[in-house]
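Chemist: Please put together the full structure from these sequences, using the hints given.
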Amino acid sequence: MPELQKVAVLGLGYIGLPTAALIASRGLQVVGVDTKEYVVRTVASGAIHISEPDLDGLVSKVVSSGALTTSNKPQAADVFIIAVPTPIDGDNRPDLSNVNAAVESILD
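One point on numbering: in the numbering used here, the residue at position 78 of the sequence shown is 78, and numbering is uninterrupted.
Among the hints, a few may not be true.
[As the list claims (entries may be wrong)] In the EDC-like style, the derived pairs of lysine to aspartate or glutamate whose C-alpha atoms are separated by at most 16 Å in a straight line are: (1) 6 / 78; (2) 73 / 108; (3) 73 / 104.
[To be verified] Derived CB-CB ranges, DEER-like: (4) 35 / 90: 21 to 27 Å; (5) 93 / 36: 32 to 38 Å; (6) 93 / 65: 39 to 45 Å; (7) 56 / 92: 34 to 40 Å.
Don't read these hints as lab results, they were simulated from the structure.
Just so you know, even glycine gets a beta-carbon here, dropped at the ideal spot from N, CA and C.
Modeler: Laid out in structure tokens, this is it:
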């Protein structure tokens, strides 16, 4: 089995950013992907745009080491983790349009 080299995390919110940072802290190369340019720029600078205890220090460390990079489009990776919003509609059903868009962006 080939060794896992690179992970792409799509969505850098409350689930995706901590996930990306933790994976990067374990020695894997991670690219964090988000459609919001300010999120991509903020994380690329080693800062965070969400409130999460101790995450700022971890993100700063893994960005500085080069283990975590950011992009507004998916890049080639061994594993893709989709961590995008799935809001509930008025009928209590999840809106999967963000998931579908993330999958399409990987396939492009």
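Chemist: Could you run down the list of hints and mark each one as holding or not?
Modeler: Hints, one by one, checked against the model:
1. 6 / 78: Holds: residue 6 and residue 78 sit about 5 Å apart, inside 16 Å.
2. 73 / 108: Satisfied, since the Cα-Cα distance of roughly 10 Å is no more than 16 Å.
3. 73 / 104: Holds: residue 73 and residue 104 sit about 11 Å apart, inside 16 Å.
4. 35 / 90: 21 to 27 Å: holds, 24 Å
5. 93 / 36: 32 to 38 Å: violated, 25 Å
6. 93 / 65: 39 to 45 Å: Given a distance of about 41 Å, which is inside 39 to 45 Å, the answer is holds.
7. 56 / 92: 34 to 40 Å: holds, 35 Å
Figure legend: structure checked against the earlier numbered hints; the only hint not met is number 5.
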